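Chains as they are written, first to last, in the working numbering: chain A, 42 to 510; chain B, 21 to 467.
No lab work stands behind these hints: they were computed from the structure. Heads up, some of the hints might be wrong.
[Said to hold, decoys possible] Result set (DSSO-like, lysine-lysine): computed pairs, CA atoms no more than 27 Å apart in a straight line:
| hint | chain 1 | residue 1 | chain 2 | residue 2 |
| --- | --- | --- | --- | --- |
| 1 | A | Lys305 | B | Lys98 |
| 2 | A | Lys507 | A | Lys224 |
| 3 | B | Lys459 | B | Lys23 |
| 4 | B | Lys264 | B | Lys399 |
| 5 | B | Lys97 | B | Lys439 |
| 6 | B | Lys97 | A | Lys305 |
The structure presented is a predicted model; accordingly, all values stated were derived computationally and were not measured.
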Amino acid sequence: MYGPVRHLRQCLLLHKSWKINLWNSIQAGCGWRKSLQYTSRCFSDGNECPESCDVLVVGGGAIGSSIAYHLKERARGDLSVVVIERDTTYKQASTVLSLGNIRQQFSVAENIQLSMNSMKFLKEVHQRLAVEGFDPPDLQFTPRGYLFLALEDYVEQMRENFRLQMELGAEVEWLWPRELELKFPWLQVGNVAAAVLGTNNEGWFDPWSLLTLLRRKAVSLGAVYVSGAVTGLHHQVLTPADHLHNPHTTLTTAIVRLQSGEMKEVRFSTVVVAAGAWSGALGRLAGVGNGPGTLSTPIPVEPRKRYVYCVHAPDGPWDDCPIFNDYTGVHFRPERSSNKLYLCGMSPPECAEPPADDLEVDHQFFYTNIWPVLAQRVPAFENLKVHSAYAGYYDYNTFDQNLIIGFHPVFTNMCIATGLSGHGIQQSIAVGCAAMECILDGRPHSINLERFSFDRILANKPLKEKMVM
Amino acid sequence: MLKFLVFNLVLMGFVSNWSLIQVGLSMMCFMGLLMMNHDFCSFCLGYMMSVDYLSYILIVLSVWIVMLMVFSSTVVKKMGNFCVGFLSVNLILLMVLVLTFSSVNYLMFYISFESSLVPMLVLILGWGYQPERIQAGIYMLFYTLFASLPLLVSLLSLYKSEGSLNMGLLLSGVIGYQGTSLLWYFCSVLAFMVKLPLFMFHLWLPKAHVEAPVAGSMVLAGVLLKLGGYGLIRILGVFSEVNKMFCWVWVSLGILGGVIVSLMCLRQVDMKSLIAYSSVAHMGLVLSGLVVMGGWGLNGAVVVMVGHGLCSSGLFCLANMVYERLGSRSLMISKGLLNVMPNMGLWWFLLVAGNMAAPPTLNLMGEISLIISVVSWSKLIMFSVGMLSFFSACYTLYMYSLSQHGLFLNALFSCCSGKVVEYFVLLMHSVPLNIMIVKGSLILCDL
Numbered sequence: 042m043y044g045p046v047r048h049l050r051q052c053l054l055l056h057k058s059w060k061i062n063l064w065n066s067i068q069a070g071c072g073w074r075k076s077l078q079y080t081s082r083c084f085s086d087g088n089e090c091p092e093s094c095d096v097l098v099v100g101g102g103a104i105g106s107s108i109a110y111h112l113k114e115r116a117r118g119d120l121s122v123v124v125i126e127r128d129t130t131y132k133q134a135s136t137v138l139s140l141g142n143i144r145q146q147f148s149v150a151e152n153i154q155l156s157m158n159s160m161k162f163l164k165e166v167h168q169r170l171a172v173e174g175f176d177p178p179d180l181q182f183t184p185r186g187y188l189f190l191a192l193e194d195y196v197e198q199m200r201e202n203f204r205l206q207m208e209l210g211a212e213v214e215w216l217w218p219r220e221l222e223l224k225f226p227w228l229q230v231g232n233v234a235a236a237v238l239g240t241n242n243e244g245w246f247d248p249w250s251l252l253t254l255l256r257r258k259a260v261s262l263g264a265v266y267v268s269g270a271v272t273g274l275h276h277q278v279l280t281p282a283d284h285l286h287n288p289h290t291t292l293t294t295a296i297v298r299l300q301s302g303e304m305k306e307v308r309f310s311t312v313v314v315a316a317g318a319w320s321g322a323l324g325r326l327a328g329v330g331n332g333p334g335t336l337s338t339p340i341p342v343e344p345r346k347r348y349v350y351c352v353h354a355p356d357g358p359w360d361d362c363p364i365f366n367d368y369t370g371v372h373f374r375p376e377r378s379s380n381k382l383y384l385c386g387m388s389p390p391e392c393a394e395p396p397a398d399d400l401e402v403d404h405q406f407f408y409t410n411i412w413p414v415l416a417q418r419v420p421a422f423e424n425l426k427v428h429s430a431y432a433g434y435y436d437y438n439t440f441d442q443n444l445i446i447g448f449h450p451v452f453t454n455m456c457i458a459t460g461l462s463g464h465g466i467q468q469s470i471a472v473g474c475a476a477m478e479c480i481l482d483g484r485p486h487s488i489n490l491e492r493f494s495f496d497r498i499l500a501n502k503p504l505k506e507k508m509v510m
Numbered sequence: 021m022l023k024f025l026v027f028n029l030v031l032m033g034f035v036s037n038w039s040l041i042q043v044g045l046s047m048m049c050f051m052g053l054l055m056m057n058h059d060f061c062s063f064c065l066g067y068m069m070s071v072d073y074l075s076y077i078l079i080v081l082s083v084w085i086v087m088l089m090v091f092s093s094t095v096v097k098k099m100g101n102f103c104v105g106f107l108s109v110n111l112i113l114l115m116v117l118v119l120t121f122s123s124v125n126y127l128m129f130y131i132s133f134e135s136s137l138v139p140m141l142v143l144i145l146g147w148g149y150q151p152e153r154i155q156a157g158i159y160m161l162f163y164t165l166f167a168s169l170p171l172l173v174s175l176l177s178l179y180k181s182e183g184s185l186n187m188g189l190l191l192s193g194v195i196g197y198q199g200t201s202l203l204w205y206f207c208s209v210l211a212f213m214v215k216l217p218l219f220m221f222h223l224w225l226p227k228a229h230v231e232a233p234v235a236g237s238m239v240l241a242g243v244l245l246k247l248g249g250y251g252l253i254r255i256l257g258v259f260s261e262v263n264k265m266f267c268w269v270w271v272s273l274g275i276l277g278g279v280i281v282s283l284m285c286l287r288q289v290d291m292k293s294l295i296a297y298s299s300v301a302h303m304g305l306v307l308s309g310l311v312v313m314g315g316w317g318l319n320g321a322v323v324v325m326v327g328h329g330l331c332s333s334g335l336f337c338l339a340n341m342v343y344e345r346l347g348s349r350s351l352m353i354s355k356g357l358l359n360v361m362p363n364m365g366l367w368w369f370l371l372v373a374g375n376m377a378a379p380p381t382l383n384l385m386g387e388i389s390l391i392i393s394v395v396s397w398s399k400l401i402m403f404s405v406g407m408l409s410f411f412s413a414c415y416t417l418y419m420y421s422l423s424q425h426g427l428f429l430n431a432l433f434s435c436c437s438g439k440v441v442e443y444f445v446l447l448m449h450s451v452p453l454n455i456m457i458v459k460g461s462l463i464l465c466d467l
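All chains should be modelled from the sequences, with the hints used to inform the complete structure.
Structure, rendered in structure tokens:
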């Protein structure tokens with residue numbers, strides 16, 4: 042009966058009511074071992090940092106938590122997983138500032154599969170992520186299709202994308218201008234030559250809920266979340282006995298600065314780079330990007346600021362309004378929980394990228410770039426008013442704006458899972474699963490993500506999305 | 021015994037020089053092996069000390085294992101992690117072990133037996149890796165101490181009733197098998213049952229083995245468990261009447277406990293934990309062979325003790341080599357090692373073959389003798405012993421296959437397939453294990 046006694050002692054040390062804890066201990070002693078682990082975990086405050094672990098996940102956002110969840114789900118107590126997150130309020134994390142949209146309309150097959158797998162998981166989230174003692178999971182998912190528009194020149198490309206999506210099982214519908222007018226009378230079709238609308242498995246959900254659910258479930262399964270920032274990554278060089286082989290470098294320890302200011306060393310076997318927009322900087326700490334040979338190529342992920350404007354349009358389209366994407370890059374969607382509020386934004390062209398030092402919003406950007414396009418497409422938006430605005434970071438992959446997944450060729454125990462550049466939250470579940478398969482099985486096998494490995498950056502073979510962002 | 025003890029004490033003076041200690045310990049091994057003649061029933065006589073064939077074998081095993089411990093702890097030297105303290109603790113432990121095996125007075129045996137716990141605890145607490153080692157140290161200390169205090173009382177009563185605690189002079193033993201004799205018997209053997217460890221008292225072993233550094237695990241598996249077996253051999257002769265009535269308890273717990281623990285081995289994910297549980301299974305069989313008081317059993321027990329000492333110690337070395345390179349002992353991550361360290365595959369296989377008593381290892385000879393002795397005591401036990409052997413092969417092959425075969429994590433690279441010192445350590449483990457079967461008389465006793 043050692044377990045319940047320890048549980049009781051922990052509770053007493055934290056000054057909680059001893060009667061409740063005695064009852065909990067008895068329950069825990071007779072009950073499932075799972076619930077004992079979970080209740081004792083709940084009392085950890087993020088300031089305890091284990092000295093060693095098997096897998097160290099740097100970054101506790103959607104991707105990091107998804108990786109921790111998948112690892113723990115498969116390995117349970119057999120693997121020790123530590124997640125290091127420097128900001129438990131997630132003020133600047135891309136996860137919570139994102140719109141939470143999910144779509145199946147991509148032009149790269151792997152992206153379509155990643156989103157489809159994630160959607161499948163999100164449909165079962167109330168079973169998969171349920172933790173006893175807490176409210177049942179609810180992502181507030183609103184099903185709506187994505188609508189992509191194309192001009193005459195791009196119809197061929199769109200056709201190809203459409204064919205690929207249909208082949209992989211995505212439920213999408215092709216709309217010629219006539220059908221578009223009939224379906225969406227509030228839309229000014231103009232010179233749009235074709236459009237694709239998603240009919241199922243698309244929509245939006247609350248990213249903060251997803252993050253909380255993943256984190257809670259991972260913690261209940263035994264993952265340890267540490268509030269701290271990684272300030273250094275040490276490596277060891279293993280020299281083979283014969284001089285025919287090159288010395289081999291592996292990362293061994295991470296220096297973590299906890300929130301209390303204390304510095305701690307964590308030994309690990311595998312490190313996962315899931316730091317989102319700051320993955321490039323994390324790579325540099327390890328030496329990826331400032332070393333000789335292969336190490337001179339950094340992880341090409343950097344923070345890019347994107348604005349989200351919340352506008353109020355009293356005459357705007359409401360029922361059946363899809364998540365609208367214009368060919369210029371402007372997008373909007375209704376905000377379901379309110380009345381006639383829409384969230385809109387736009388990815389600026391490369392030359393006009395706003396500085397990413399802070400999350401200050403440039404309101405002029407809206408009036409110059411977004412409003413004209415909106416007003417032209419949807420006449421009802423002419424008299425909209427900006428209600429509020431905020432900014433968030435994309436973990437922007439400067440190479441080809443797509444996922445980088447897999448182990449680094451030199452630091453063979455560093456798994457990279459980042460670079461999703463704006464479609465991270467929707468693919469987070471499947472990316473977590475892929476990273477778990479990388480670590481435990483050698484390579485992602487649910488979806489063949491060979492083309493998304495780090496090697497493509499070294500070989501200079503970008504895999505960009507065509508037409509859609 | 022002065023040759024070992026004085027050598028040891030002199031080496032303790034040169035503890036600041038790591039290489040000198042390595043060479044010195046190797047010389048001690050050589051010297052020990054040179055005089056392993058088994059010429060006399062009892063030799064190296066001294067005050068309270070004398071050695072017979074069994075003691076001498078175990079003394080040589082101790083020196084051998086301690087030498088290999090120092091060779092495999094190169095990480096302590098590289099990190100500069102209190103090298104002087106480390107070597108001192110190892111040498112003190114060796115001295116205490118030599119004293120234990122060469123003592124002919126029960127009380128001196130008891131004192132040295134208890135003293136070996138202190139350097140062991142220091143080793144676990146000082147050079148272990150994880151915070152759980154505190155709990156592991158406490159478990160080991162208190163399990164052993166709690167069980168061996170009755171032994172002290174029993175030895176003192178033995179002194180009062182017989183007038184001497186000399187091992188050679190207590191030939192009449194304790195007469196009767198009821199009442200006081202019963203209590204006396206259980207008090208005496210409990211300490212060794214916990215040390216061996218027997219199935220129901222084995223909880224300290226997986227903890228201590230996993231949390232100890234490689235040197236600690238090697239000496240625990242290699243020699244300290246044999247202290248229990250050795251103690252049993254010495255003390256069972258005094259209680260032969262009572263033992264005949266109650267050996268069924270120990271045989272059942274040993275064999276059936278061994279089967280249960282073998283099944284638990286199949287569920288382990290930590291390599292060291294798997295090897296630790298396999299030690300419990302092996303020692304269960306050893307115990308069964310010993311308590312049935314047969315000649316085959318005694319010989320088999322000694323042979324398995326030596327063989328298991330070499331084999332488990334070697335496997336712990338290998339597990340540590342994996343841990344040094346990959347940073348994790350979990351079999352979920354350290355897989356496909358044949359891709360990473362192909363040369364180590366040879367040593368893995370040789371030692372794994374030893375663990376499952378495959379020919380031509382020493383363990384085969386021992387296990388055959390033990391099976392013969394246990395089956396001669398009761399034919400019904402054939403089923404359990406068969407299951408024990410079968411599952412022992414199961415979990416051993418499981419460990420080998422899971423760690424070696426399969427796809428490694430990522431690209432094809434070869435990570436430092438083995439330094440010379442590592443090959444040396446593993447060679448010194450495997451060669452005696454595989455070759456000694458040819459000259460079994462080195463460790464067998466002609467009764």
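- Item | Earlier hints that do not hold, by number | Violated hints: none at all, because every hint is consistent with the structure.
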